[in-house]
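Engineer: Chain by chain, the residues:
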Amino acid sequence: MDATALLDRYERMNVIRRTEKAAHDLFLQGLVKGTTHLAAGQEAIAVGASAALRPDDYVFATYRGHHHALARGATPEECLAELMSRATGLCKAKGGSMHLTKAATGMLGSYAIVGSHLPMAVGAAWSARLRGTEQLAVAFFGDGATNIGAFHESLNLAAVWKLPVLFVCENNLYMEYTPIADVTAVPRPAADRAPAHGIPGEVVDGNDVVAVEEAVGRLARRARAGDGPSVLEAETYRHFGHSRADPAAYRPAEEVERWLKHDPLDLARGRLAELGVGEETVAGADERARAVVERAVEAAKAAPPPDPREALTDVWADGGAAWRT
Amino acid sequence: MADVITYRDAVAEGIAREMRRDASVVCLGEDIAAAGGVFKTTTGLLEEFGPGRVWDTPISEQAIVGAAMGAAMTGMRPVAEIMFSDFLACCWDYLANEIPKVRYMTGGQVTVPLVVRTANGGGLGFGAQHSQATENWALTVPGLKIAAPATPADVVGMLAAAIRSDDPVVFFEHKGLFATKGPPPPPGHVVELGRAAVVREGADVTLVALASTVPLPLKAAGVLAGEGIEAEVVDLRCLVPLDAATVLASLGRTSRLVTVEENPYQGGWGATVVSVVADEGFTLLDAPVRRVAGECVPLPFADSLEEQVIPTVDKIVTEVRRLAAY
Ligand SMILES: Cc1ncc(C[n+]2csc(CCOP(=O)(O)OP(=O)(O)O)c2C)c(N)n1
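If you read the sequences in order, they're chains Y and V.
Residue 147 in UniProt numbering is what sits at position 147 of the first sequence, and the numbering runs on without skipping anything.
Residue 108 in UniProt numbering is what sits at position 108 of the second sequence, and the numbering runs on without skipping anything.
The hints are simulated quantities; they were obtained by calculation from the structure and are not laboratory data.
Keep in mind that this is a model prediction, so the values were computed, not measured.
Possibly wrong hints are sitting among the right ones.
Far from chain Y by the CB rule (all over 10 Å, computed), these chain V residues [as the list claims (entries may be wrong)]:
1) F39
2) W55
3) G222
Below 25 Å or equal to it, Euclidean Cα-Cα: the simulated SDA-like pairs (lysine to any residue) are [claimed, not checked]:
4) V:K219 to V:A179
5) Y:K162 to V:F49
6) Y:K33 to V:G108
7) Y:K261 to Y:Y177
8) Y:K162 to V:R291
9) Y:K162 to V:A23
10) V:K315 to V:P186
11) Y:K21 to Y:H262
12) Y:K33 to V:N97
13) V:K40 to V:F84
14) Y:K162 to V:S24
15) Y:K162 to V:G125
16) Y:K162 to V:P215
17) Y:K162 to V:A34
18) Y:K261 to Y:S243
19) V:K40 to Y:W161
20) Y:K162 to Y:D56
21) Y:K162 to V:V223
22) V:K315 to V:V223
23) Y:K162 to V:I59
24) Y:K162 to V:E48
25) Y:K162 to V:G108
26) V:K219 to V:R291
27) Y:K162 to V:F301
28) V:K40 to V:F301
29) Y:K162 to Y:K33
30) V:K40 to V:G125
31) Y:K162 to V:E47
32) Y:K162 to V:G36
33) Y:K162 to V:D56
34) Y:K301 to V:G108
35) Y:K162 to V:A35
36) Y:K301 to Y:T75
37) Y:K162 to V:G50
38) Y:K261 to Y:P179
39) Y:K162 to V:P58
Note that CB positions come from ideal geometry on N, CA and C, so glycine has one too.
Turn these sequences into a full structure, and let the hints guide you.
Structural biologist: Right under this line is the structure:
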């Protein structure tokens, strides 16, 4: 990857990191209700994968999906406004943190039922095939989702129908509070099981944006060529706990330290230096990211709350919610 | 076309008509292609439309309905079959959490124009895990439309409306009706969702029924007519949208109400109809309302036992006599 491209990926990751930090701070200020599942530490997967995709490809994500929404074209302002229950939110404040969706740019949703979106991605890939486009569908999910029935149903169906779908597992070692290894019989919960369904399973350093982009690009080409689905297991680590309620005290200190040293932004910065990109240029990207997120926070704060009448719209295609005559 | 058509054949006919007019309509489900469906409700579709539009799936109810959802979100109009309605429980996440909520929680960004067809109800002696009337499961979920036709012509007309609908529709085909016959629908026949039909007129009591229970009040009405009681029979056709207006209008003529449903009394759709009537039609009533419904037990196997727990003509006649005397 050349320096210009890498600087672009770096800046995108930086915007995500700062947006996550903003979400965290706004929660502490009482401006974000409910809960958030921050993806700080996992930015390289969203940014690397998105950079390898076409703009018209489909992405399905989990409740830990801020990074995917942002990587797929949602603005920090729309996302933060959604978290802050503002009328200008990405989903008109009807979705919230766990459901960031931007259909217009192929971000077809964030789903809070673990594993539920894998069959949807299979369906979107099937639809692409039926319509004769060369679109792909990508499902991003956690390691915990690999023990859900829908995971296995999806891999099998995608394999027998040879569909252009990529299953990207973000293995951050924990399914909520329990280490995935304690509840899973194989060491690589996604990649190890792929061959059992007749699908290749690969492992990649999920904190290395260059490696992720390269791997997704390769698997995407394979899928577009008609060679079917694949599984990519990206090894990564979340910086925060599972959700707002979780201080993550169950994680061994040296494990946390080791992973924090393997931070996706630091890795990218190191690579930029190797490519001869000066510190000032990198600082410029930092500054642009900072300014974007700062403006987003201010704009979201200034936005009005939703019109209460919105509570009774958008159930049906006619815009309404009437269930009777 | 012949001058009568079975309910079973009407299903394939209804799907085929829509597949002919709209290339985005595709079918998926277990055994639906070469085998023509376990109830032979998709016979001929593979032959006419080929494997590119009629897809056999593994036994993967979550993947069937979840994939249908993904396809519907991205430009197709899938018609998914869940073999027996009891198996909806295996993909309940999609019906309860995913399909009906995605439009709302994305602020209207996503449309899910799909149909989930399924064989519902008892009457064939399949035992407790293949005989339930489950339309009430769907009725508890905001965001699903629920269709349950009683005649072959309605099967075709309501399938047309369901497949063309931009909203998700759960389409309950009743197992006990598959072999019944009726006049074939004319070309282009469409029955708008949410329009009940008054299938028999009468001035003394309104009997509200759905799918398998429509023939029962019609027969009961014959018996009652011999006693000088004229029953009006309303076929609801859909639970969502619910045609409460037709029920209330009928009650304006008859002032007495009995709902007839196959599912258990507990939480049944009749309770919703009755509550709307109590709320908005109380002054129309001259007697208490009655619900003839299934007993709150799993469906037993033997015919003689099954008869004890699901609505019958006799049970309806008995309730109506009591109301008439009130
Ligand atoms: C079907 C289901 N079961 C349980 C939960 C509760 N839950 C939410 S997140 C989670 C852990 C998921 O872990 P993983 O898939 O590894 O994703 P990560 O949070 O690491 O991104 C659990 C158990 C749920 N949302 N859905």
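Engineer: Compare the structure with each hint and give your call.
Structural biologist: Now the hints, each set against the structure:
Look at V:F39: its CB is around 23 Å from the nearest CB on chain Y, clear of 10 Å, so calling it non-interface holds up. A Cβ of chain Y approaches the Cβ of V:W55 within 10 Å, the least distance being about 7 Å, so the stated non-interface status is violated. The claim that V:G222 lies off the interface holds: its Cβ sits roughly 29 Å from the closest Cβ of chain Y, which is beyond the 10 Å cut-off. With a C-alpha separation of about 18 Å, the suggested pair V:K219 and V:A179 falls inside the 25 Å cut-off, and the hint holds.
Pair hint Y:K162 plus V:F49 holds up; C-alpha atoms about 20 Å apart against a cutoff of 25 Å. Restraint check for Y:K33 and V:G108: satisfied, since their Cα atoms lie roughly 22 Å apart, inside the 25 Å limit. Simply put, Y:K261 and Y:Y177 have alpha-carbon atoms about 22 Å apart, close enough for the 25 Å limit, and the pair holds. A distance of roughly 51 Å separates the Cα atoms of Y:K162 and V:R291; the hinted pair therefore is violated under the 25 Å criterion.
With a C-alpha separation of about 21 Å, the suggested pair Y:K162 and V:A23 falls inside the 25 Å cut-off, and the hint holds. This hinted pair does not check out: V:K315 and V:P186 have alpha carbons roughly 36 Å apart, beyond 25 Å. Proximity of Y:K21 to Y:H262 is assessed by CA-CA distance (about 18 Å); at most 25 Å being required, the pair is judged to hold. For a cut-off of 25 Å, the pair hint linking Y:K33 to V:N97 stands: about 21 Å separates their Cα positions.
Straight-line distance between C-alpha atoms of V:K40 and V:F84 comes to about 13 Å, which keeps the hinted pair within the 25 Å bound. With a CA separation close to 20 Å, the supplied pair Y:K162 and V:S24 stays within the 25 Å bound. For the hint linking Y:K162 to V:G125, the alpha-carbon distance of about 39 Å lies beyond 25 Å, and the restraint is violated. Proposed proximity of Y:K162 and V:P215 is contradicted: the alpha carbons are some 46 Å apart, above 25 Å.
Among the hinted pairs, Y:K162 with V:A34 is consistent with the structure: their alpha-carbon atoms are about 20 Å apart, no more than 25 Å. As the CA atoms of Y:K261 and Y:S243 are separated by approximately 22 Å, the hinted pair is consistent with the 25 Å bound. About 24 Å separates the Cα atoms of V:K40 and Y:W161, which keeps this hinted pair within 25 Å; it holds. This hinted pair checks out: Y:K162 and Y:D56 have alpha carbons roughly 20 Å apart, not beyond 25 Å.
About 59 Å separates the Cα atoms of Y:K162 and V:V223, which puts this hinted pair outside 25 Å; it is violated. Taken as a hint, the V:K315 and V:V223 pair is honoured in the structure, with Cα atoms around 12 Å apart against an allowance of 25 Å. Of the supplied pair hints, the one linking Y:K162 and V:I59 holds, its CA atoms being roughly 17 Å apart against a limit of 25 Å. A hinted pair counts as satisfied when its Cα atoms are at most 25 Å apart, and Y:K162 with V:E48 qualifies at roughly 23 Å.
Under the criterion of a C-alpha separation no larger than 25 Å, the hint pairing Y:K162 with V:G108 is inconsistent with the structure, at around 31 Å. A threshold of 25 Å between alpha carbons decides the hint, and for V:K219 with V:R291 the separation of about 17 Å falls inside it, so the pair holds. Straight-line distance between C-alpha atoms of Y:K162 and V:F301 comes to about 42 Å, which puts the hinted pair past the 25 Å bound. Distance restraint check for V:K40 and V:F301: the Cα-Cα separation of roughly 23 Å lies within the 25 Å cut-off, and the hinted pair is therefore satisfied.
Using a Cα cut-off of 25 Å, the hinted pair Y:K162 and Y:K33 is violated, with the two alpha carbons roughly 42 Å apart. Distance hint between V:K40 and V:G125 is fulfilled; the C-alpha atoms sit about 18 Å from each other, no more than 25 Å. Using a Cα cut-off of 25 Å, the hinted pair Y:K162 and V:E47 holds, with the two alpha carbons roughly 22 Å apart. Pair hint Y:K162 plus V:G36 holds up; C-alpha atoms about 23 Å apart against a cutoff of 25 Å.
Annotation: proposed proximity of Y:K162 to V:D56 holds, straight-line Cα distance about 14 Å (limit 25 Å). Annotation: proposed proximity of Y:K301 to V:G108 holds, straight-line Cα distance about 23 Å (limit 25 Å). Taking the CA atoms of Y:K162 and V:A35, the gap is near 22 Å; set against the 25 Å cutoff, the hint holds. For the suggested pair Y:K301 and Y:T75, the alpha carbons sit about 15 Å apart, so the restraint of at most 25 Å is met.
For the suggested pair Y:K162 and V:G50, the alpha carbons sit about 18 Å apart, so the restraint of at most 25 Å is met. Taking the CA atoms of Y:K261 and Y:P179, the gap is near 20 Å; set against the 25 Å cutoff, the hint holds. Simply put, Y:K162 and V:P58 have alpha-carbon atoms about 14 Å apart, close enough for the 25 Å limit, and the pair holds.
When held up to the earlier numbered hints, the structure conflicts with 2, 8, 10, 15, 16, 21, 25, 27, 29 and fits the remainder.
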